[in-house]
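Asks: Please model the complete structure; the sequences and the hints are all you need to start from.
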Amino acid sequence: MAEPFKNLAWDDFRLIKAVADARGLPAAAAQIGVNHSTVFRRLKQIEDTLGNALFERHRTGYALTPAGEEMVALANRLDDEITAVGRKLAGREPTPAGELRVTTNDSLLIHLLMPLLAGFRERYPEVRLDVVLTNQALNLSKRDADVAIRATDQPPENLVGRRAARIAWALYGRAIDFPEPGDVDQEELKTRNWVSLGDNLAQLKAVKFVQENVAPERIAYKINTVLGLAEAVEVGLGIGHLPCLIGDSRPTLVRLAPPDPAYAADLWLLTHPDLRHAPRVRAFLDYLAVEFGKLRRFIEGNPPEPVVEAVAAEV
1 MAEPFKNLAW DDFRLIKAVA DARGLPAAAA QIGVNHSTVF RRLKQIEDTL GNALFERHRT
61 GYALTPAGEE MVALANRLDD EITAVGRKLA GREPTPAGEL RVTTNDSLLI HLLMPLLAGF
121 RERYPEVRLD VVLTNQALNL SKRDADVAIR ATDQPPENLV GRRAARIAWA LYGRAIDFPE
181 PGDVDQEELK TRNWVSLGDN LAQLKAVKFV QENVAPERIA YKINTVLGLA EAVEVGLGIG
241 HLPCLIGDSR PTLVRLAPPD PAYAADLWLL THPDLRHAPR VRAFLDYLAV EFGKLRRFIE
301 GNPPEPVVEA VAAEV
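The sequence shown lines up with residues 1 to 315 when you count with our numbering.
Keep in mind that the hints were calculated from the coordinates and are not lab data. Bear in mind the structure is a predicted one, so any value in this text is a computation, not a measurement. Some hints could be false.
Each computed DSBU-like pair below joins lysine-lysine, with the alpha-carbon atoms no more than 30 Å apart [said to hold, decoys possible]: (1) K222 to K294; (2) K208 to K222; (3) K222 to K190; (4) K190 to K205; (5) K222 to K205; (6) K190 to K208.
Replies: Take a look at the structure:
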């Protein structure tokens with residue numbers, strides 16, 4: 001049985017141990033931070049590689065077979081050894097340094113990330129940032145990037161990370177054209193000129209709304225970047241849906257409707273599993289998670305919390 005073991009990685013042992021502890025796939029997937037279907041698929045591959053079933057599937061859950069019990073015992077020994085080595089090396093971990101390649105899109109960079117990147121560099125001056133702007137998903141497995149900052153409800157299954165916030169979207173127009181935006185007739189807006197993202201982004205619900213509800217002759221302008229869309233609204237080409245973090249940051253624009261939850265998207269910080277413990281990657285992810293937490297209300301389209309001034313009691 002030694003030969004099949006050459007094809008197993010530590011993550012495979014972690015997966016087996018998680019399924020054994022949870023007695024099921026959904027809880028095991030949540031425990032190790034991957035998708036349920038990924039656990040199912042990988043467990044089958046492991047069992048095929050070993051030529052042994054590790055679990056018996058019952059209505060009450062997953063029960064270990066004798067082979068599975070041996071694998072879990074081995075996983076526990078490996079876990080103890082790795083933890084011990086990790087403790088020994090903890091004090092020797094180098095200071096975050098080197099090049100860190102980050103991919104995101106232009107709108108997130110300009111309206112959210114730039115001051116945060118400056119703050120990160122001030123804290124970690126030995127880390128050099130290489131930012132790649134694209135709406136396309138780069139291959140983090142091939143080191144096209146170390147970290148991806150993405151607005152998506154479906155992050156790639158082969159990456160790990162954290163959901164930082166939910167990006168709200170609303171309908172915006174120029175303040176000069178809508179002096180009383182709260183009294184706008186929503187049906188009348190359909191007779192106005194509109195701007196929209198291009199057909200290449202037709203999967204977005206805000207784009208689908210325009211396609212299905214606005215007459216083609218009223219769609220005055222299309223563009224394939226959100227940042228360019230905001231510029232189009234600002235110069236008066238038409239009204240359009242924008243992320244609130246962009247629309248609310250421009251004094252010349254006003255909301256014409258409340259944020260629509262159906263148009264929102266999750267903001268993710270993602271990296272490859274093999275990179276998540278690299279000091280520069282860990283420092284970057286931790287730093288941005290804290291900063292995004294401070295900006296969460298802004299990102300999610302909520303008004304700033306009121307400032308409560310202390311009033312001295314009269315004596």
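Asks: Are the hints correct? Go through all of them and say.
Replies: Hint check:
no. : hint         : in the structure
1   : K222 to K294 : violated (33 Å)
2   : K208 to K222 : holds (13 Å)
3   : K222 to K190 : holds (16 Å)
4   : K190 to K205 : holds (17 Å)
5   : K222 to K205 : holds (15 Å)
6   : K190 to K208 : holds (14 Å)
Comparing the model with each earlier hint shows a violation of hint 1 alone; every other hint is respected.
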